[in-house]
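Participant: Take the sequences, apply the hints, and build the full model.
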Amino acid sequence: MNKRKMRRQFMGQTVPYLILVFLGLLFFVPLLWMIFSSFDARAGLTISLPHEWTLGNFASVLSDPDIQRSFVNGVFLSFVSSLVLVIVAGLAAYPLSRYQLRFNKPFIFTVLFMSGLPITAVMVPVFQLFLFLHFQNSLIATMFFLAASGLPYGIWMMKNFMDSVPVSLEESAWIDGASVWTGLNKVVAPLMLPGIFTVGIFTFTASWGNFFVPYILIQSPEKLPASVTIYQFFGQHGLVQYGKLASFSLIYTIPVVVLYILGQRFMSKGFSFGGATKG
Amino acid sequence: MPWNPFVTKNSDSFRAILFLLPSWILLLLFIAGPILMTFYFSFTNMSLTGSAAQNIEFIGFRNFVKMFSDPTFQTSVMNTILFLIFSAIIGQQILGFLIAFLMKERAVHFRRIIGVLVLAGWITPEIIVAFIWFAFLSNEGTLNYVLGWVGIAPVAWLFKFPMVSVVVANIWHGTAFSMLVYQAALDDVPKDVEEAAKIDGANGWQRLWRIILPMIRGSVMTNMVLITLQTLGVFTLIYALTGGGPGTQSETLPIFMYDQAFINYQLGYGTAISLVLLVIGIIASLLYVKFLKVEI
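So the sequences go chain by chain: A and B.
Take 1 as the starting number for the first sequence in this note's numbering and just add one per residue.
Take 1 as the starting number for the second sequence in this note's numbering and just add one per residue.
Worth flagging that the hints you see were computed from the coordinates, not collected in a lab.
Honestly, I wouldn't trust all of these hints.
Which residues of chain B face chain A? A few of them, derived with a C-beta cut under 7 angstroms, are [said to hold, decoys possible]:
(1) Phe19
(2) Phe39
(3) Gly141
(4) Gly148
(5) Ala261
(6) Gly270
(7) Thr271
(8) Leu278
(9) Ile283
(10) Ser285
Calculated cross-link-like contacts (lysine to any residue; reagent style SDA-like; alpha-carbon spacing at most 25 angstroms) [what the hints assert, rightly or not]:
(11) A:Lys223 <-> A:Leu133
(12) A:Lys5 <-> B:Ile282
(13) A:Lys105 <-> B:Ile282
Owing to the predicted nature of the structure, the values given are computational and were not obtained by experimental measurement.
Where is the CB? At the ideal position from N, CA and C, for every residue including glycine.
Facilitator: As structure tokens, then:
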């Protein structure tokens, strides 16, 4: 009988641990290439501890003026578009959350519907629109498009965060003579700072990692963000220097990791789909 | 909702519209506008070069006739379906659930470590995911190196098995999303229901099939639709990893659309392909709104 118990113990406890460790390794191993190669003076395509440890890859990537500019462009596209998005989505969320208006419901459903649409599917017509309006190759127009493409999801998240701020707090401000604007600014906004940061971080990282949108909408090399430069940089050099590629990749990934860690505490909230889990 | 002094007054509708206006403008110009344009331009011969760049003509269904008889279109539809089934529905969905399910009763620190490893694949930008898997799968890459230990000769994975390569890379990139969804869903399953089933003698499989899955089926459906939509739009990963090749072996609809619109300069034809993608997306997105039981 002990044998049976041991077997059950093994199946119930040890096997799940083993499977999880195995899966964890599968997820971890491919990343090692980027980490090791970036410090390797003679990096190849196989994962191996650096033959010769060096910071030279980082130094040459960071000192390249084209790459520096691509980071500045990337920060502009991601930071300004998420700033625009947070403000516009925050404004939209207010009446959606607080007022009971006839057009709220259809608008919310439209927003929800749009948040599902794959942006890839509209890139050709967006390019045509940019041609038509003479927006092509404009960083500012691309920034606005990135903000708009994240807006449906942003409005939806903002509305949910705002719903969780009690109206009673605002009401007491109104009784004290505050205007709607002051109430929003001084009462609601501070209470939903976590929500604002979540939406901001979420959209920043989405734009930062976006390759397709700037690849289509921007032509001048000097206006391209890091996501496109990293691709073209190594596509154009016949002989790829893997160490430099790896360190560029790592430098490009780090901001996302840092922001993710900062935003993680609040983000997990977004994954329960409200009441949907109750089926 | 408690009493609200702003519900009934006319001036408040006006104020609400003012608050909503910026989002309406952005959404109309950049999302709704292009969607409407898709319906128009897919019936034109719009081109980036030549005479059709100047005089856009309405050509009826010619783009669609051309598309449906184009063998590359047929290949890319097949590849898109395979990509959706294997990387999203089977791969991410099942692997994500498996990880969340197995992690359910593990030690907190262990959960956290495994969770971080899976999440690392998710937060890595798509273009970097392509580089990482290019390195991993290339001829002198790690996979062939490891297989060499057991005497297996190097395989040109990206050339011999391009679809398998992009499917695997996309599973690696996307699974964390499903894992997070299922972690949240499994946390919502009441402990006592499971305990009661356990006492009544239900084994692990029965508890999974009869209790847990029915209770989280809302999340299963929502997640299915969401990852289908995400996967449908995947461009960067495939473009940078295999470029749709060799030949058209890993060409999916987004890659085909890109090639026709921006390599062959046939914007009208490219738009017709976007329309197909868009219609699939619209159907999936409507399902998503339907499954997501929201209270507004």
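Participant: Compare the structure with each hint and give your call.
Facilitator: Against the structure, the hints:
1. Phe19: Where the cut-off is 7 angstroms and the nearest Cβ of chain A is about 5 angstroms from Phe19 of chain B, the hint holds.
2. Phe39: Result: violated, 9 angstroms to nearest chain A Cβ.
3. Gly141: holds, 5 angstroms
4. Gly148: For Gly148 of chain B, the interface hint is violated, since the closest Cβ of chain A sits about 10 angstroms away, which is over 7 angstroms.
5. Ala261: holds, 5 angstroms
6. Gly270: holds, 5 angstroms
7. Thr271: At about 5 angstroms, which falls below the 7 angstroms cut-off, the nearest Cβ of chain A leaves the hint on Thr271 of chain B intact, so it holds.
8. Leu278: Given a least distance of 4 angstroms, the restraint on Leu278 of chain B holds.
9. Ile283: Check failed: Cβ of Ile283 of chain B comes no nearer than 10 angstroms to chain A, outside 7 angstroms.
10. Ser285: Where the cut-off is 7 angstroms and the nearest Cβ of chain A is about 3 angstroms from Ser285 of chain B, the hint holds.
11. A:Lys223 <-> A:Leu133: holds, 19 angstroms
12. A:Lys5 <-> B:Ile282: violated, 52 angstroms
13. A:Lys105 <-> B:Ile282: Holds, at about 19 angstroms.
Of the hints listed earlier, those the structure fails to meet are numbers 2, 4, 9 and 12, in rising order.
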